[in-house]
Amino acid sequence: MVGDWGTYRLRLERKRRLWRAFRRRRELHPVSVRTGQIRRGDILLFCTQRNERIRLPYFLRYYRDLGVNHFFFVDNDSDDGSRDYLAEQADCSLWTTQASYRRARFGVDWLNWLQMRHGHGHWTLVVDPDEFFVYPFCDTRPLGALTDWLDTMSIRSFPAMLLDMYPRGALDAQPYREGQNPIEIACWFDSGNYMISRNPTYRNLWIQGGPRARTMFSEDAAHAPTLNKIPLVKWRRSYCYVSSTHMLLPRGLNLTHDERGGEKPSGCLLHAKFLSTLPAKVEEELTRGEHYAGSLEYRAYADRLKDSPELWCKWSEQYINWRQLEILGLMSKGNWA
Amino acid sequence: MTVGFVMLCHAALDRAAQVARFWAEGGCPVVIHVDARVPAHEFGALRRMLADLGTVSFSRRYMCDWGSWSLVAATQAASEQMLALHPDVRHVCLASGSCLPLRPVQELVDYLDARPGTDFIESVTTSDVVWTVGGLNTERFTLRFPFSWKKQRFLFDKYVDLQRRVNFRRSVPKGLVPHLGSQWWCLTRQTLSCILQDPDRALHDRYFRRVWIPDESYFQTLTRAFSTNVESRSLTLSKFDFQGRPHIFYDDHLQLLRRSDCFMARKIWPRADRLYRSFLEGGAAGQIRAEPQPGKIDRLFSKAAERRRRGRAGLYMQSRFPRQDHENGKTSAPYSIFHGFSDLFENFELWLSRAVGGGRAHGHLFAPGRVEFAGGETVFNGALTDRAALRDYNPHMFLTNLIWNTRGERQCFQFSPRDNQAINWFTATDPNAQISVISGAWAVPLFRSNADFADVRAEAARLQRIETEHLAILRSMYVKARVRIWTMADFIENPMEPLQAIIDEISPRATRRLSEAPRMADLTGFGRFLQNLRNQGMQPTLMGDFPADSDPRNAAPLGQRPYLVQ
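Read top to bottom, the protein sequences are chains X and S.
Residue numbers are given in numbering that gives the first Met the number 0: position 226 of the first sequence equals residue 225, and the series is strictly consecutive.
Residue numbers are given in numbering that gives the first Met the number 0: position 347 of the second sequence equals residue 346, and the series is strictly consecutive.
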């Protein structure tokens, strides 16, 4: 038990982070802001992006089809035309910044500010351009059905574990075309090698594993990428993300797992990072050095990409639909039926 | 004779209008109560939408809170209006704005015409109720509840505690026996008017005003006092989850609802376009209809509740991570651990995989160098790898993942004091584990090794210490696993009997007897070896009694039938 003192310290930490986000608002320069369109009960999506032009058309289509009503983008100094592309979209609001991604805690400060300013009282979804949200019944029920249900159940946050998707064979064997569903190419995933432990301070679960731990971090598992995420939250302006979307404050929002044997509802974020676009990205990010832990992950990719960029193994599962993920135990319907 | 509908609405008024129109056009009068909190322009829009229908009227508006008296007051007002305005109504159905009729109106009218004196209301005595929220059954009727459970939980709880402490009890009005049930009923004019026009109504109302959740008990209790023919079930299909919240129906429930043959369902998600379209516009008439059969839907929802409460045994994932001893199944399937067998027998895994047939016989899964999957695989089910560092980062999850990934196939693996010992408490307290131990067998590889005796002695001391600790766990009072322990000396006396017992437990239906024993390592000089250890000051105790000079019986007594009953 952390006790009153610990609780108070977390409160201070939350205030400090909100203050940080507030100060960093000046780093964001509005390009096209259409927040006047937002109606009560709209579902909002928040995203930072840099040079993801090729991914954006499918990304927008996917989330529009799910039922996202408005998109918030922070463009981190792109030079591939993605800024102009987003500025043209009728349901997107776009800010741009040349400031350091790393110093804005990998974009968290920027999005915390935008959510504080615009997300209050809305269901907000925070994802990267290579993450695709899958939830129970997502093939027959729009996102609004899920958020309405969460509202009636008085649930404020919904977890979705990051599920790394990868192609069979070399990464560049099938080049990714604009507008294409990346899961068509990267359709394989690891079904049962995830490792979970508790984080007593923030009360979230810490999940690691999957193909990246298996191939790149097998001798250094402690540094394997974190996979737990809580991307969907009924936002209040007093909330903030602590590190990426892995955990939130107040920490009650992180209690998205049941501790007495039952299953709470959960989804997955299909992570389509491992495409033909990766090598160029890795090269760019290594020279920028703007990523987590001194871009440790990107250095590991670079080492790995040099010799055999194959993540596939004979026990990889081919993605079919959310029901498959449910049966494999990667996500759960909980008591939603 | 016809049926009148009383509708209580507070949200999604366009859907309520659609349903009211459906009933009104089917020849049934409708009285709508709209929550007083609904803004005037929305209420006005609803009125305009239904303005062309003469048999739809609106009753006096109350501000309704969940579980409060206002819901009953609103129902009373609307019902009185229904009875007064529409003298041809014989049955009155209470519905909500999120109800959806699943069958044509005429079928309901016919159904009720065939049962003219029957009141359909779920009504159960308090002692028989299991579904109540907050665990208050009888006390709903004997305590006072002036505070809202949803908004003033602290005061609610404190006030209940206080009343319990001072032994406060209200007395139930004379002639009433408290009953509970679903608030969606269908009552006859006779019963309903008895309730509403009773000379004691003021008394009843005053009493129920302070009962908790009166909308689930007011009509349910009073019907019992006046009705001559109560059918204790609701015509509305309405399921509640484990926290007392109603389940919601979506487009993908269409077939399920069709086949249920119920008259009405609630709640429907307001944006379930396909459901509203199919049931309100589609000509579902003409089919041969039976009695309502909500069984299939019951099963679906009770499975959902079960999943939320107990979950899938042995699954550890992002939204199910039970605390220790709340697991409801530490692992998902039975598995076997063979401790010391691979030291005593040569190629034991090979023999084991033949003996257990359908199962999988691994080597030492927790070996220090690498994970020895069956057949020397480097990757196994679920993309588990043979990397020891990854396994040792979280050994518990490695084991639970392995068992979960191979559901349907029995897993067996070797164990020894040389392996990672982190899972010992976990396996010992897991009812799915079958742990068979030959204690002291770790000495056999040392005995056959070519190492310096000083190193052998140090290693023997280390392994003996580790195994002693493991055995202490396996002999503790907390053990839930099926544990068998033999000393090495006992085991080699007659190896076939214990082996047969273990294999029988793994595959109980296999009637075949073991025909072939695993080949035991050559133990010539083992007693001498143990004596040498003793001479060096290290006391090997776990392997049992091996005299220094006589060699143990080496060959297993083959052909003997250990189970033979004479």
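Keep in mind that the hints were calculated from the coordinates and are not lab data.
Keep in mind that the hints are not guaranteed to be accurate.
[What the hints assert, rightly or not] Restricting the straight-line Cα-Cα distance to at most 30 Å, the calculated cross-link-like pairs of lysine-lysine (DSS-like) are:
(1) 295(S) - 266(S)
(2) 233(X) - 149(S)
(3) 150(S) - 233(X)
(4) 233(X) - 295(S)
(5) 14(X) - 150(S)
(6) 272(X) - 233(X)
(7) 302(S) - 233(X)
Do the hints match the structure? See the list:
Between residue 295(S) and residue 266(S) the alpha-carbon distance is near 17 Å, which keeps this suggested pair within the 30 Å criterion. With a CA separation close to 19 Å, the supplied pair residue 233(X) and residue 149(S) stays within the 30 Å bound. Only pairs whose Cα atoms come within 30 Å are accepted, and residue 150(S) paired with residue 233(X) is accepted, the gap being roughly 19 Å. Note on residue 233(X) and residue 295(S): the hinted pairing is violated, with a Cα-Cα distance of about 33 Å set against a maximum of 30 Å.
Taking the CA atoms of residue 14(X) and residue 150(S), the gap is near 27 Å; set against the 30 Å cutoff, the hint holds. Restraint check: the Cα-Cα separation between residue 272(X) and residue 233(X) comes to about 27 Å, which is no more than 30 Å; the hinted pair holds. For the given pair, residue 302(S) sits about 27 Å from residue 233(X) by alpha-carbon distance, which is consistent with the 30 Å threshold.
Checked against the numbered hints above, the structure breaks only hint 4 and satisfies the rest.
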